[in-house]
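Numbered per the numbering used here, the sequence shown spans residues 1166 to 1406.
Some hints could be false.
Calculated pairs, PhoX-like style, for lysine-lysine (alpha carbon to alpha carbon, straight line, at most 20 Å) [what the hints assert, rightly or not]: (1) Lys1220 with Lys1358; (2) Lys1232 with Lys1222; (3) Lys1384 with Lys1315; (4) Lys1300 with Lys1315; (5) Lys1188 with Lys1220; (6) Lys1222 with Lys1358; (7) Lys1284 with Lys1220.
Just the calculated beta-carbon pair ranges, DEER-fashion [what the hints assert, rightly or not]: (8) Arg1279 with Ser1246: 38 to 46 Å; (9) Glu1318 with Asn1288: 40 to 48 Å; (10) Lys1384 with Ala1210: 37 to 45 Å.
Keep in mind that the hints were calculated from the coordinates and are not lab data.
These figures come from a predicted structure and were not determined experimentally.
Ideal Cβ placement from N, Cα and C applies to all residues, glycine included.
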Amino acid sequence: MAGHSKWANIQHRKGRQDEKRGKVWTRIIREITVATRQGGADVSANPRLRLAIEKAKAANMPADRVKYNIDKASGSLEGVSYEEIRYEGYGIGGAAVMIDTMTDNRVRTVAEVRHAFSKYGGNMGTDGSVAFQFKHCGQLVFAPGTDEDKLMEAALEAGAEDVITDADGAIEVLTPPADFEVVKNALEAAGFKPELAEVTMRAENTIELAGEDAARMQKLLDIIEDLDDVQAVYHNAEMAE
């Protein structure tokens, strides 16, 4: 999402997360579980787990609950086994949509995702049908009014790949995924606090939607995001307010 809707879309996402804290916690627990099983319980040696713990702190998840789920995933406690599956498809006006899921039942998950697409105006795609339209990167977004020159200097010095000022004044700092933590820590140490900081799939180009099309696209995205097995949804729709 870029252009004039960048900041509005970020605020919309944060508002939905605040409204659905229980849902957010469920997704973070799944991420902690998979990160621990893949990279181990040693936080210092597992960058994916560190990011998951940061998300847990941002969502006000109690530390003992975080520890419990790390122990559970590392084998100290018995738990459910999740697999990660990515689905691709098209929304309103041909907008590209990618959906990351974690599931213990792939038959259920694909049925729910396909149903959401077909019922709310989208189409399920095949693997690779839209992935080429997104870039895997670290993304830090700063509020309109942030000192662009100072932020750019600090970001590039820290190893950022690019700094982009959007039409609404929000500033994006992009990093290679492996450098995300280093750049984020350096910028925070320099006094720059991002409104959004994540390793994500960022749309390379956007499709503008307005009016009824924008409303329908938002409805489709909301329905998909509310599915129990969905961890993250990426798209290239730029929706006017």
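Hints and how they fare:
no.	hint	in the structure
1	Lys1220 with Lys1358	holds, 15 Å
2	Lys1232 with Lys1222	holds, 12 Å
3	Lys1384 with Lys1315	violated, 38 Å
4	Lys1300 with Lys1315	violated, 26 Å
5	Lys1188 with Lys1220	holds, 13 Å
6	Lys1222 with Lys1358	holds, 15 Å
7	Lys1284 with Lys1220	violated, 32 Å
8	Arg1279 with Ser1246: 38 to 46 Å	violated, 23 Å
9	Glu1318 with Asn1288: 40 to 48 Å	holds, 45 Å
10	Lys1384 with Ala1210: 37 to 45 Å	holds, 42 Å
This entry does not satisfy hints 3, 4, 7, 8, going by the numbered hints stated previously.
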